[in-house]
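Here is what each chain is made of, one letter per residue.
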Amino acid sequence: MGAHFPAIVRAGGWAARRTISTAARTSQSSANGSPSTRTAASAAGHGKWRRRQCCAGPACRKKARIGWTRLGPEPYNSLKSWFGVGEKNARSGRGQPANLVRHRNLRVRTLPPTIYSGWHAMARLHAVQGACRVTRGGMASRRIQLTYNLPAGDDFTVYVRTGDLMQQWGVRSLPATIDDVFETADAHQRVVGRGLACRCYRGGYYSISIRAGEARHRSKNKPLTGESATDNPLPDTSWDLAADPKNKSRLDLGHVVTSLNDTVWSLEGHNDGALIVFGRTNSGKSKIARALTAKYLRHEASRGARNRNVHVVTVEDPVEEFLRPRDQKDSHPTPELLATSRIDYTPRELGRDVRTVRNAMRDALRQTPDAVYVGEVRSDRDWRDVFHFAGTGHLLVATAHASSLVEGMRQVMRAMRVTTKAERGAVARRLLSVVHLRRFPHENYTAQIPTVWRRCAAAVSTLVTEGFGSVLPMNRNDEDVACIGRRWYARSLLTAGNAPENAKNAIEQAALREDLQGL
Amino acid sequence: MSDVLTFGIPTLDGLFGAARGIEVSPANNNSATTTSVCLVGPTGVGKSIMALHFAAQYARRRNADAKQAHVWYASTDLGFDKANAIWRAFALGDRGRAPTPFEDSPRPLEKSQSFNLVPTVPEPGAATEVELLINQKSKDVIFLDLNASTTGDLWDYLYRILVALEPEKADHPNLLVIDAVEGLEVLAGELDVFGERRTRRSRITQLLRTARDHTHVLLVEEVSRRSRGSSPEQYLADTVVRLRRRLSSHGYSRRTLEILKARAQSHVRGEHAFVIRDGKGSPPTGSGYADDPQHFTLAIKTNDTSQAGKPQAYGSFE
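Chain order of the listed sequences is U and C.
Quick note: to get our numbering, add 507 to the position in the first sequence (first position is 1).
Quick note: to get our numbering, add 54 to the position in the second sequence (first position is 1).
Incorrect hints may appear among the rest.
[Said to hold, decoys possible] Here are the in silico distance ranges between beta carbons for each label pair:
| id | chain 1 | residue 1 | chain 2 | residue 2 | range |
| --- | --- | --- | --- | --- | --- |
| 1 | U | R885 | C | G249 | 19 to 25 Å |
| 2 | U | K753 | C | Q190 | 43 to 49 Å |
| 3 | C | L245 | U | T863 | 52 to 58 Å |
| 4 | U | R810 | C | A318 | 47 to 53 Å |
| 5 | C | T97 | U | S886 | 52 to 58 Å |
| 6 | U | K755 | C | N189 | 21 to 27 Å |
| 7 | U | S756 | C | A318 | 44 to 50 Å |
| 8 | U | P825 | C | N189 | 56 to 62 Å |
| 9 | U | D987 | C | G249 | 45 to 51 Å |
| 10 | U | T953 | C | G283 | 22 to 28 Å |
| 11 | U | S886 | C | K136 | 36 to 42 Å |
| 12 | C | V175 | U | T953 | 28 to 34 Å |
| 13 | C | R255 | U | G932 | 17 to 23 Å |
| 14 | C | G283 | U | R946 | 38 to 44 Å |
Simulated from the structure, these hints should not be mistaken for laboratory data.
This structure is a prediction, so every number in the text was calculated from the model and none was measured.
For each residue, glycine too, the CB sits at the ideal point set by N, CA and C.
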């Protein structure tokens, strides 16, 4: 073991050195005398902690056994996972006793390699199924080190199943995030990567997003699977909304998504910032936001020159709809099920996988996401965290409740504590689009008609100088139009949706009234 | 080919040089090119009468050319009854109006092409006929009585009216007359409906920018007699016509008119006296005025409100 995977040495930090085997760890601890010794000594003063210690260090009777397995032929399929043990504030020597993360009966489940091809799929699908014990010591981070034989320059996600011990130890005892610098190595060259492991899938998995390798090692314009990604487009997912021509009682949301997809994205081609879908409850905002996210992911996947799968991180409370292949009936997908969709998916549930939106946004910055979906931003603090992330150059799709388009934008500005025009401009530049949905019932027919504010050449400047008075719903969709009114959407959607003629006229009239009243 | 906007008053239009009206240059792109006109003057000098003439003349040319365009007259100080009285007195609906000499289409409108001043009132929160009037292709001049009801922020309401009136295809520019801008200012104050402090310059700028591609704007501004400074409307408008009332040493009041500014167009400078006649019209033969309605009988005024909005020409052409 040790011969193939030499001891991993962190590039710097508090944990000093890590080894793969227990024996190596013991020798290392005795060599520098710090981690395990301090761990045991600290733990000795806390009885409840000690009872939960299982096997590490001289105070434990059992010995941790780190298992690993070679997967497939060299050099591609070797994956070794090791959950490290760390001490909180070991650098300063203060704080709680050391961590108690242990791994027992770690085993690697190997999936048929013939189904999958490419580095990313292999790394992702070789899910490590094992059990880990974690402490409830309030530790915000855990150390994870992965040694694998993959070329540098790839970004990918590994899903590690945590097992039943998660439930045994209770949700609250789980760490919120696991955040560390990874060291990756292959047989020939040691490269340093960065990554982040977080809990996802309702605590059932650790999603480990890894960026391996230094910049000079990164491959450029590497196709996803050795072939053009456009030849193999993403299959339909559960987030996609397809039009249902049989539905005669309501305007199909598929039409709404198609129309929004043509209007909400940036005309300059830089789809960074926040796309926020407002509406009341049961207005379809979450479905539409997810469908727009799926459209974006499909667009990104079709670009071809990528070095990893498209990656979407979701933060919801609770998870309303898991992303999975449309033909997959299981509502709770496993990462293996998503393998065929070529989407890296990290669903995080507030309260179970992550404590706050802020933590989720902070983690997302280490997960190389193509899009981040936040379901229902409720508090001002969450808005600030969301917009802090939206200013980092990523696409963020969020939903929230508001009675009108302007009210939604005011809600954002109020949460961001905007007091000056300059601050309003700074927030406005982080907005990609703002959508507000309203339901228009007429007799037996119902239609969800949106109105949109989008970032275009003059949108931000007029919003800065004239405030929300510049949000005027226009009846056209040209490049210079910042706000598209409900009247325009009603006309185009109801025509495409084959609405009854009387309903079409009445809803168009009502949409115009909403535009005139600024609702 | 450039378009020319006229007041329908030959002597006044003649002050704008060879174009005999306010010239609008053609656009380089497909969008319509619009212009802005500002009528400035103290109270009681005839600004609203001229603005109604301008609106009626625009509607007349639109109907004669069978173009689809809206003509809206938003009033904050002139009630519909008074406006309609002026409308009838000058036969602005074209019924009974004599053809204007030197005009491109000197023929009088057909009976079906005549038009009225149609009142409407903004009623927020309820289904109103404002939406109906926006949607339909009306041949009339819509009189938006902002005195009768308030929408909170009339500036914002007018912005929304402007963008709602915008046609999907720029066939022919609309015309919006705002009489008078001070009324909007008084109703809205310095804060807009969203609590944003807005200067009048900022609001006028937004109004003209919103209307730029699809609507001509005529702003009526009321200033005091001694006012000499340039208001934001005068600064931003392409054409500024100032009306004055001079008192002679004998106590005789005389109205004068001066074109202060006409961008990219020659015009006759100086003050020119003008007279607002009693509106009884001129006889069909003899020494009448070209822009007067022709009359055969004496005017009979009626209080019949059911006839509101219909032209009451002095003379019968039925």
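message = Hints numbered earlier in the text: which of these fail when held up against the supplied structure?
response = 2, 3, 7, 8, 9, 10, 11 and 14
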